Amino acid sequence: MERVDCIVVGGGLAGLAAAYGLAAEGLEVMVLERGNYAGAKNVTGGRLYMDPIRALYPELWEEAPFERAVARESITMMGDGAHTTVEVASDRFAGAQPQSYTVLRARFDQWFADKAAEKGAMIVPNMKVDELLREGGGDGRPGRVIGIRAGGDEIGADVTIVAEGVLGMLASAAGLRAEPAARDSALGFKEVIELPAGVIEDRWRLNEGEGAAHLFMGTVTRGMLGGGFVYTNKESISVGVVVGMAAMLQQAEPVESYKLLDEFKELPQIAPLVKGGTVAEYSAHAIAEGGIARVPKLFGDGYLLAGDAAGLSLNALVTVRGMDFAIASGYHAARAVATAKKAGDTSVAGLARYERALRESFVLKDLETSRAIPRIVENPRLFMHYPRAVSKLAESVFTIGAQPSPRLAKTVWKGARRDFLSLATLKDLWSLRKM
Amino acid sequence: MNIDAKLGLDVFKLDKEPQIVVKNEICSTVCVNRACLYVCPADLFELDDQQRIVVNWEGCLECGTCMICCEKDALEWRYPRGEFGVQYRMS
Chain A
0 MERVDCIVVG
10 GGLAGLAAAY
20 GLAAEGLEVM
30 VLERGNYAGA
40 KNVTGGRLYM
50 DPIRALYPEL
60 WEEAPFERAV
70 ARESITMMGD
80 GAHTTVEVAS
90 DRFAGAQPQS
100 YTVLRARFDQ
110 WFADKAAEKG
120 AMIVPNMKVD
130 ELLREGGGDG
140 RPGRVIGIRA
150 GGDEIGADVT
160 IVAEGVLGML
170 ASAAGLRAEP
180 AARDSALGFK
190 EVIELPAGVI
200 EDRWRLNEGE
210 GAAHLFMGTV
220 TRGMLGGGFV
230 YTNKESISVG
240 VVVGMAAMLQ
250 QAEPVESYKL
260 LDEFKELPQI
270 APLVKGGTVA
280 EYSAHAIAEG
290 GIARVPKLFG
300 DGYLLAGDAA
310 GLSLNALVTV
320 RGMDFAIASG
330 YHAARAVATA
340 KKAGDTSVAG
350 LARYERALRE
360 SFVLKDLETS
370 RAIPRIVENP
380 RLFMHYPRAV
390 SKLAESVFTI
400 GAQPSPRLAK
410 TVWKGARRDF
420 LSLATLKDLW
430 SLRKM
Chain B
0 MNIDAKLGLD
10 VFKLDKEPQI
20 VVKNEICSTV
30 CVNRACLYVC
40 PADLFELDDQ
50 QRIVVNWEGC
60 LECGTCMICC
70 EKDALEWRYP
80 RGEFGVQYRM
90 S
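Line order of the protein sequences matches chains A and B.
The first sequence begins at 0 in numbering that gives the first Met the number 0 and counts up one residue at a time.
The second sequence begins at 0 in numbering that gives the first Met the number 0 and counts up one residue at a time.
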């Protein structure tokens, strides 16, 4: 059996961050990627938050193929025929050190794979791993992971870093994590629509190279957990929908998921933004939304879990994260494996430093802080009642009718009493304190 | 643009073997929800004239939503072999 120091299953951000770090340490590392190239199977909303990861591999980010630095954040609450948008712009969002960039994964991941290869990592595309090889398991114990089987080949390794993505097929088959459940998963799908850079900057009122991120809540998902999104890339925009799987299953009159995106694009406030664009790609991906309660044990004898495969993602409604967690977990996986190798101990005890490092980093700290969010956002009133009520109230404030108008304060009070002063709202507010 | 036209924009390399197999003996006996018919973002599942579920797996985006949402374990779902399946150029 061929042997290397470390096998990385999956050439996404977690796997590539691990491979880059391990190769830099002089370890023999092999990344097995089932797509034609790194990024071929990957989808993002989305954008990458930089501040959490800037100090990890600082030499990389200067030349990374980002799309646009996000200068403006918007969130729209959508009611019936009325919507209200909160727009936040800050000099610090896209200043000298932008806090986040939009990215497209096929380009970004291929660049990252090239960087890892330059350090000496072996990147093997078109290679699907079929099984994690184990020895000494049984009686409910997973045993030691000693390598992988891919097609007819078996490859051994001191440590296998499982960065296979959100579905966790290999890890769950080996008993290292649970299979994803509908309650803890969302479906994200999007179109990439090509538009000239100048048109994007005009339509979104952006300076050259700057970008916008815009989330939508409410009627876009027909009140189901989730929302719509628009991110501006260099010469395209990503327009998509995220919807909770359990929420889809609970619909009284189910709608085909793909129709939500068509409806979204046809809305009067979206149609002018996508007008004249050329749809270039349609993609979909599952998203882990269970939070820290669903993060499995991250290490064991001969293996580590990283990135989406470890459930490291966080939807906090106004901020949606995963790629920064993936890169940081890959970084810490590389450090842990390098140290364990030097100490000659890649057993459970030797690899435990990986989970300790993640606990001390923003990855598990932020997930821990947000422990309550996945259950809070199961509340359908967040996606149905409030976006509608906010839009109704805002609309009434800006409306002049044929009849004499009441005092503004009275209009606001009337709307507030109708939609916000209830036991249910107090209860919701009370639950939101944990966000 | 309809869903088939959208899928037509994507690059697929087709494996010989289907990556999704529907166990209709389960679907027709114990499944009432039939979630696969509406959760798939590529709209790949449909009923044939005998009300059996058929899946046009060739357009699979490999998101796994049908597998996660199938409450009766009636789908045999796997990734295509290495190099096959959808190959995103942007996403």
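Because the hints were derived from the structure by calculation, they are not lab data.
On a predicted model such as this, the values are computed, not experimentally measured, just so you know.
Any given hint could turn out to be false.
[As the list claims (entries may be wrong)] Simulated DEER-style distance windows between Cβ atoms: (1) B:R51 / A:D201: 33 to 43 Å; (2) B:N1 / A:Q250: 34 to 44 Å; (3) A:G135 / B:V10: 34 to 44 Å; (4) A:Q250 / B:T28: 34 to 44 Å; (5) B:V10 / A:L428: 43 to 53 Å; (6) B:S27 / A:M121: 42 to 52 Å.
[Unchecked claim] Here are the simulated lysine-lysine pairs, DSS-like style, with alpha carbons at most 27 Å apart: (7) A:K258 / A:K274; (8) B:K71 / A:K258; (9) A:K409 / A:K258; (10) A:K433 / A:K364; (11) A:K426 / A:K413; (12) B:K22 / A:K364.
[To be verified] Derived coverage of chain A by chain B (criterion: at least 3 residues anywhere in the stretch with Cβ under 8 Å from a Cβ of chain B; other residues may be distant): (13) 160-168; (14) 424-432.
Where a beta carbon is used, it is the ideal one built from N, C-alpha and C, also for glycine.
Practice item. Hint by hint, work out which the structure violates, then give me just those numbers in ascending order. Key: Those not satisfied are hints 1, 2, 4, 9, 12, 14.
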